[in-house]
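Between the sequences and the hints, there should be enough to build the whole structure, so can you do that?
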Amino acid sequence: WLSRIPRRIGYHGHWRRWLLNQTVSETRKPAPPEHHSLRFLRIARECGAETSTILDSTSDIQTAVAHQPLKIGLSPGAEYGPAKRWLPECFAEAATKISAQSSAQWILFGMKNDAAIGDQIAAAIGDHCVNRIGRTTLDQLINELRECRLLLTNDTGTMHLAALLGVPVVAIFGSTEPRLTGPLGNGHIVLRHHVECSPCFLRECPINFRCMKAVSAQEAADAVLSILGEKLQI
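Everything in the sequence shown is counted per our numbering, starting at 17 for the first residue and increasing by one.
These aren't lab readings, by the way, just hints derived from the structure by calculation.
Nothing here was measured: the structure is a model prediction, and the numbers come from that model.
Hints should not be assumed to be uniformly reliable.
Claimed, not checked - Below, in silico cross-link-like pairs of lysine-lysine (DSBU-like), each with a Cα-Cα straight-line distance of 35 Å or less: (1) K229 x K113; (2) K229 x K87; (3) K128 x K113; (4) K128 x K87; (5) K128 x K229; (6) K113 x K87.
Stated by the list, open to error - Now the in silico label distances, taken between C-beta atoms and shown as ranges: (7) I223 x N159: 34 to 42 Å; (8) R23 x Q234: 47 to 55 Å; (9) G245 x R23: 33 to 41 Å; (10) Q117 x E160: 17 to 25 Å; (11) E66 x H209: 32 to 40 Å; (12) L154 x S232: 31 to 39 Å; (13) T153 x V211: 32 to 40 Å; (14) T39 x E160: 35 to 43 Å; (15) Q84 x T39: 47 to 55 Å; (16) A116 x R24: 48 to 56 Å; (17) H51 x R162: 18 to 26 Å; (18) C213 x Q84: 41 to 49 Å; (19) I25 x L154: 21 to 29 Å; (20) E105 x T39: 45 to 53 Å.
Glycine included, C-beta positions come from ideal geometry on N, C-alpha and C.
Here you go:
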């Protein structure tokens, strides 16, 4: 109410109910996990928005780029915290393996905070890499993602944006749950190894980062090459 916004709508959890003047009810019965995007769409429906259209990742964009030089996006950061970040050396190794079997040009995406790991990965990949980390506006990021045949990424906002644009995603998951925050649509691959402490949803791993270390560079390379070969027929 301090903001003087006349209609304040949302879920009442996390001590925020006193900020709202309209709450959206949630089922209390045991139910399968619901993707966060669908959960927040329920709020949009309560506001009167049309939410029935679900975008599919089989987009005309991929048809348009199929005959252009092969560009693969790579998003190695995660603003939430280091627990969601696959090791930079693993990204670099996977990219090197993929480049050995393709003519890929790599485009690195991320925030300014990701500059150091971006420089590390770009140096390892070499001449076939363009480092755009910290150098794009949102509009530029959207336009450059449209040119990519695929995105290799952590669980990030860029991952969701790519999926929305119809760009196939290979996503590395560890501390978070793909059923809640995975890429929506078809044609994506999520790489995740179940360990006893995952998902923990922590920003920093208090032990040995075992969930992310369990995903190998070879697995990521194989996943990328499988999409490039089978889905896009390069």
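These are the hints, each one checked on the structure:
1. Under the criterion of a C-alpha separation no larger than 35 Å, the hint pairing K229 with K113 is consistent with the structure, at around 18 Å.
2. For the hint pairing K229 with K87, the CA-to-CA distance comes to about 26 Å; that is within 35 Å, so the pair holds.
3. Between K128 and K113 the alpha-carbon distance is near 27 Å, which keeps this suggested pair within the 35 Å criterion.
4. Simply put, K128 and K87 have alpha-carbon atoms about 22 Å apart, close enough for the 35 Å limit, and the pair holds.
5. Proximity of K128 to K229 is assessed by CA-CA distance (about 24 Å); at most 35 Å being required, the pair is judged to hold.
6. At most 35 Å may separate the alpha-carbon atoms for a hinted pair to count; K113 and K87 meet this at roughly 15 Å.
7. Between I223 and N159 the beta carbons are some 40 Å apart, a value that agrees with the proposed interval 34 to 42 Å.
8. Checked against the hint of 47 to 55 Å, the C-beta distance between R23 and Q234 comes to roughly 52 Å, which is consistent with it.
9. One distance hint, 33 to 41 Å for the beta-carbon pair G245 and R23, is violated here, with the actual separation near 50 Å.
10. Evaluation of the 17 to 25 Å hint for Q117 and E160 yields a pass: the beta carbon distance comes to about 23 Å.
11. Look at E66 against H209: about 39 Å separates their beta carbons, and that is inside 32 to 40 Å.
12. For L154 paired with S232, a C-beta distance near 33 Å keeps the hint of 31 to 39 Å intact.
13. Here the CB-CB span from T153 to V211 is close to 38 Å, well matched to the stated 32 to 40 Å.
14. Look at T39 against E160: about 40 Å separates their beta carbons, and that is inside 35 to 43 Å.
15. For Q84 paired with T39, a C-beta distance near 48 Å keeps the hint of 47 to 55 Å intact.
16. Distance hint check for A116 and R24: the Cβ-Cβ separation is about 54 Å, which falls inside the suggested range of 48 to 56 Å.
17. A hinted range of 18 to 26 Å holds for the C-beta pair H51 and R162, which are about 24 Å apart.
18. For the hinted restraint 41 to 49 Å between C213 and Q84, the CB-CB distance of approximately 43 Å keeps it satisfied.
19. A beta carbon spacing of about 25 Å between I25 and L154 agrees with the range 21 to 29 Å that was offered as a hint.
20. For E105 and T39, the Cβ-Cβ distance of about 46 Å falls inside the hinted range of 45 to 53 Å, so the restraint holds.
Hint 9 from the earlier list is the only one contradicted by this structure; the remaining hints agree with it.
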